[in-house]
Amino acid sequence: MKKRIFALCLALVMILSLAACGGGGTTQPGTEQPGTTGTGTGTGTGTGTGTGTGTGTPAAASASADAALANSLFVNPNVGKGMYSGTAEPGAITVECSTMSVMNTIKMTYNTELSIARHGWDTLVKLDAENNIVPAAAESWESAPNAAGEVDMVWTFHLRPGMKWVDSTGAVVGDVKASDYVFAWKELLNPDNAAEYYAFAAIFKNAQAYYDYKSGKEGAAAVEWEDVGVKALDDLTIQFELETYLPYLLQYLKFEVLSPVCEEFYNKVGADAYGTAPDKMLYSGSFYMTEWVTDNVITMKRNPAWWDADSVTLQTIHFAKYSDANTKYNAFAGGEIDIIDITGEQRAMFTGEGFDVISYVGGYSYYFQINTLDGPNADHPDATKSDMSSKSLRKAISYALDRRQIIDTVFKNDNQPAQCFTLGISGVNTTEFADAVVAACGGSLYPEHADAAKAKEYLAQALTELGYTDASQINVTLMTSEGSQNELLSQVVQEQIRQTLGFEPKIEVLTITEARARRNKLTYDMFMGGWGPDYNDPMTDLDLWMSGNGNNHTGYANPAYDALIESTKTETDPVAREKLFIDAEKIIAEDQFIIPVYWRHEDYVASEKIASGAVRRSFQGYFLAYTTLQG
Amino acid sequence: METISKERFAYVGENAKEREAITRPSMTFMQDATRRLVKNRVALICVVLLVLLILISLLAPVVSPFDYREQHYSHTNAPMGTVCDQPDCPGFGHKHIFGTDTLGRDIFTRCWMGGRVSLLIAFSTALIDFFLGVFYGGISGYFGGTTDIIMMRILEIINGIPYLMIIILLRMVMPGGVLSIIVAYSLVGWIPMARLVRGQVVALKQQEFIAAAEALGASPSRLIVKHLLPNTISVVIVRVTLSIPAAIFSEAWLSYMGLGVQLPLCSWGSLAQAGIENFRLYPSQLLIPAVCISLTMLAFNLFGDGLRDAFDPKLRR
Amino acid sequence: MLRYVLKRIGYAVLTLFFLITIVFFMMRALPGDPFIGDKTPSPTTMANMRAKYGLDKPVTVQYLMYLGNVLRGDLGTSLTYERPVVDIVKSAFAVSADLGIRALIFAVIIGVLLGAVAAIKRGGPMDTFSMVVAMIGVSVPSFILGALLQYFLALKLNQAVGHQVLAVQGWGNFKQTVLPAFALGLGSLATVSRLMRTSMLDVLNQDYIKTARAKGLSRQKILWRHAVRNAIMPVVTIMGPTTAAVLTGTFVIESIFNIPGLGKYFSMSVKDLDFTMIGGTTIFYGALLIVCTLIVDLLYGFIDPRVKLEG
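Residue numbers (our numbering), protein chains in the order written: chain A, 1 to 631; chain B, 632 to 948; chain C, 949 to 1259.
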């Protein structure tokens, strides 16, 4: 545990020390830096051009570190029990993977797709098993101030030499160049691709303006690709200038949509065909894809040309999609799959048999988002007036919920009652940012068990606010999307509200697309939502509730909250910055435009075939390259 | 050998009128069918069973000390016969005859609430199915030619529209729940029936008795209603008994897709769907709705057999 | 005959046109927006996405463009999978058709035999047996049947004998096809055997059977040449749409046995608002349905000489 805390702190300190470093060195304009040479060696300790100020040298770079790391990965507690032996195919594992519709990294949106990308391609940096940033495609990097003297605005990344592109047969077809990364980012900003996660490439200077201009946005100034502050200086060096200071840049660069795309190959197969089949892509990661049956199974094989292939013993990974929880269980018991996610009932069965279930936090926090508007406004012309516009009613419902009971009846697993909104983000002095919030607030912001007295107290206020005489006049609809768990949860919440507050909210089950459309139009009262972090910084969660954020579907607009979040963008002291985020959490609890309910813990079981090395945690749905097998 | 004395016989004389009288009471088609149906013991038992299922579904939720939506957190997934130990609950001390579900709701009460929904859907859609299908198929088959071709193409078009799309669109314009399920299923459910009846009519209208009726000047409507349709009745009845499970399953499938009845209401389909998720741990949660569905189906099928035998003019002797 | 077929093909094209038109405008009325996911893209990105799929143009223009593309055999790119609909449908249909043909052969052969024998030996043990099979087929929802089959006949059986007899799930080898084909076929088998039984009973009471018997034909000949051939008519009628439905897969069986078939796309495309996929699957299914009905109508003429194909 201590080691983990230390490692996390190290990661943050590293980022922040870069931030804290000031001035010095030669300032280079982002676009021109002739004469820069690649590092050429594998040591990666500041052997760059020496222009950088804060030289980002990880504790120990390169392959040796990864080998050491491989040993510290997850160890399967079930090995040797003789209960679930796993699949028969030697050297291969089959793991469950829910959504895998799109394999073109530029267009990916689902976590599970990103998990597959994590094996197929190397981003500049990656996370190790402890979620520390470690070198991946880049073996070293340094930063410099920009022309205006702002620190940490110009970054130079030195790629690992000798990285190869392989095709779907595993044959080496060329070298991975710095330009392949830059090309992928350019395509990410290409409106023709309509990439949902283009914003990850919009951090570069002028990139957002370029995107807007190319998208034909009204009034956008003409910006060409040459003006965007990202360049491949040579085959192994990438340099870019940031648009605005980004304290969590490395967390950002780990994101898999920033994976490289072989420019030559992409142009050869064409933009439409690229990424539509295993042989329509080239791979640079630990594994390459050999087979892809739409929405059913993706098979990847060990890439011997990968830079750290020596540490990889696993030969094959099958990512299999299952849509039926029973089938999944039967397949696991029948030795047809090695890792499955399980339901609460299945968890009870496994633990009852003495087979250990593994639980991890993916960082997902679940909450009721609420339509706080009392009618249409400029941003939401279709919005309906909701009784939930009464803050007291929202609080009454929050106190009427028995979060523990919800978890025990609906999920039957390790899910925790939500103590604040943000989950799965590292704190400055604590393992979890959430711990810092709880410590600063003197306890959980939301009750674990129902507090009938408080709930009724708020209900009385709500009735006055709404001008009702009796609770039965309150008209609240619980919108929910289909799925047995959603439906169970809605029914428990409905019953809890009925018993504590004396009115019964209606339940409306919709298809997920219709529910989302109504959520976005604010024609709903209450709707369950979940949010998982994209990168390891509280910002990934807390900027959500700024007014005008595209994902804020509550109608909540508070200038004080906006100002608070804005101020974190310039605050360079990590502790002070965290304090600002804690204040934001307090505002959420005070205004209760969302009612946090639970923090999700994800349960899975691994067959005894897997000895160690299967990484599953937040930001890393799967990383299986260093998996070792039994026997 | 015993001899019979002549006095025991008397000559009654000739009466032409009485000689011609029909001594057996004359019977209409319906009377005849009913008589034969009542004679069929299996069919009768099935009718009794169906009536019982309907009565229990109507009464059980009213009589039960538990509400169908009331959740008992102290005994979730309780086995059959568990006594309610939650003092604040109106059913305190009463037995959960069928146990409780994953939210601690009384399965007995829910099972019969579900029965109401499922039986309502089954009966109403079967009825609509029957009338629409027979009517449409009869007309199409009888007139043939262009009418037939156009009417059959319309069926193909309706059949080609994704069912889920119809459901979702209907739910937009109608209040969700049982009614929209009935309407949606009725919109597409009658198509196999229409096709079947048409096929039968096409074959039948070549037969001599139709030519005879036509020659006697029977109108098309009379020909269809009195001559053609009664002869298709056996196939139609089988189809109706099969369309009842289809309707119940269609609802169950919608529950599987998450578009079933309004929560917390339930149906046998949705109960079975919930039961299948953990049938290894709590088999009774699956068994109870499954038995209810199967029992209903069995009763309908055997009853359908009886009806077939009773109504088919060809089996009339 | 040829004239009849040509005429029918002409009608088929017309039917498809109406079907496409109706479905096209119906799917635009579906609630929701295909580009809003859990997370909502920025307005600019949404506009880019719309432009990419041509959804930024007026609906009538889109409709005309779509018709033009369909005529050229281009069903567009799936919004969900970002790949050509034709490719996805092609590979998924190969799987569904394979499974469907197995299920159909099983259902028709066993169903017709069971129904015929049940009618001939009315009230006998075969009658009861066919009734029981039909009962299971029609009274157990496929999601229960599939799950139970999988649990008892794959998992428990394999554990009992110590090696894999039947696979739990998946698609590729024979061990994987047995259970889904059985589960898929059982429902049709029940329908076929029940229909066959009633229609056989009807036929056995017909005068021509009595005539044949009076002529002194052998029992076998009467039954198979005269009775079954006539009794199979209602079965043939129902086979048209059933074939189309079975060949294109069912969502429930596919998801229980984890088979990469076409069935899921019918349901999921509507739920995901994958417009091009809805259109593609509808056209494909519609065309298949029309072809199947046409074949059935032609078969009518072959099986029952009384039916004239009116051209």
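Derived by calculation from the structure, the hints in this document are not laboratory data. Beta carbons are placed, not taken as given, at the ideal position from N, Cα and C, and that holds for glycine. Don't take every hint at face value.
Said to hold, decoys possible - With a Cα cut of at most 35 Å, we get these calculated DSBU-like pairs of lysine-lysine:
1. C:LYS1000 to A:LYS321
2. C:LYS1005 to A:LYS107
3. A:LYS107 to A:LYS164
4. B:LYS857 to C:LYS1038
5. A:LYS107 to C:LYS1038
6. A:LYS521 to C:LYS1005
7. C:LYS1038 to B:LYS670
8. C:LYS1069 to A:LYS217
9. C:LYS1005 to A:LYS186
10. A:LYS164 to A:LYS217
11. A:LYS321 to A:LYS385
12. C:LYS1158 to A:LYS164
13. A:LYS321 to A:LYS107
14. C:LYS1069 to A:LYS186
To be verified - With the Cβ distance kept under 8 Å, some of the chain A side facing chain C (calculated, not the full set):
15. LYS107
16. THR109
17. ASP212
18. TYR213
19. LYS268
20. ASP295
21. GLU514
22. ARG516
23. ASN520
24. THR523
25. GLY550
Hint check results:
1. A distance of roughly 28 Å separates the Cα atoms of LYS1000 (chain C) and LYS321 (chain A); the hinted pair therefore holds under the 35 Å criterion.
2. Distance hint between LYS1005 (chain C) and LYS107 (chain A) is fulfilled; the C-alpha atoms sit about 23 Å from each other, no more than 35 Å.
3. Using a Cα cut-off of 35 Å, the hinted pair LYS107 (chain A) and LYS164 (chain A) holds, with the two alpha carbons roughly 23 Å apart.
4. Between LYS857 (chain B) and LYS1038 (chain C) the CA atoms are separated by roughly 49 Å; this puts the pair beyond 35 Å, and the hint is violated.
5. Simply put, LYS107 (chain A) and LYS1038 (chain C) have alpha-carbon atoms about 23 Å apart, close enough for the 35 Å limit, and the pair holds.
6. A C-alpha spacing of about 22 Å is found between LYS521 (chain A) and LYS1005 (chain C), which places the hinted pair at or below 35 Å, so the restraint holds.
7. Of the pairs offered as hints, the one joining LYS1038 (chain C) and LYS670 (chain B) is violated, with about 56 Å between alpha carbons and a cut-off of 35 Å exceeded.
8. Note on LYS1069 (chain C) and LYS217 (chain A): the hinted pairing is violated, with a Cα-Cα distance of about 78 Å set against a maximum of 35 Å.
9. With a C-alpha separation of about 27 Å, the suggested pairing of LYS1005 (chain C) with LYS186 (chain A) holds against the 35 Å cut-off.
10. Note on LYS164 (chain A) and LYS217 (chain A): the hinted pairing is violated, with a Cα-Cα distance of about 38 Å set against a maximum of 35 Å.
11. In summary, the hint linking LYS321 (chain A) to LYS385 (chain A) is not supported, as the alpha carbons are separated by about 41 Å, beyond the 35 Å threshold.
12. A distance of roughly 83 Å separates the Cα atoms of LYS1158 (chain C) and LYS164 (chain A); the hinted pair therefore is violated under the 35 Å criterion.
13. A threshold of 35 Å between alpha carbons decides the hint, and for LYS321 (chain A) with LYS107 (chain A) the separation of about 20 Å falls inside it, so the pair holds.
14. With a C-alpha separation of about 76 Å, the suggested pairing of LYS1069 (chain C) with LYS186 (chain A) is violated against the 35 Å cut-off.
15. Annotation: LYS107 (chain A) was flagged as interfacial toward chain C, and the flag holds, the nearest CB pair being 6 Å apart, inside 8 Å.
16. At a threshold of 8 Å, the smallest CB-CB gap from THR109 (chain A) to chain C is about 6 Å, leaving the interface hint in force.
17. Annotation: interface hint on ASP212 (chain A) holds; nearest CB of chain C at approximately 6 Å, less than 8 Å.
18. Among the interface hints, the one on TYR213 (chain A) is violated; its C-beta lies about 10 Å from the nearest C-beta in chain C, farther than the 8 Å criterion.
19. Checking LYS268 (chain A) against chain C: minimum C-beta separation of about 18 Å lies over 8 Å; hint violated.
20. Here the hint on ASP295 (chain A) is kept, as its CB sits about 7 Å from the closest CB of chain C, short of 8 Å.
21. For GLU514 (chain A), the interface hint holds, the least distance from its beta-carbon to any beta-carbon of chain C being 4 Å, beneath 8 Å.
22. With a cut of 8 Å, the hint placing ARG516 (chain A) at the interface with chain C holds, because the nearest CB-to-CB distance is about 5 Å.
23. For ASN520 (chain A), the interface hint holds, the least distance from its beta-carbon to any beta-carbon of chain C being 6 Å, beneath 8 Å.
24. Of the supplied interface hints, the one on THR523 (chain A) is violated, with its beta-carbon coming no nearer than about 10 Å to a beta-carbon of chain C, more than 8 Å.
25. For GLY550 (chain A), the interface hint holds, the least distance from its beta-carbon to any beta-carbon of chain C being 5 Å, beneath 8 Å.
Checked against the numbered hints above, the structure violates hints 4, 7, 8, 10, 11, 12, 14, 18, 19 and 24; every other hint is satisfied.
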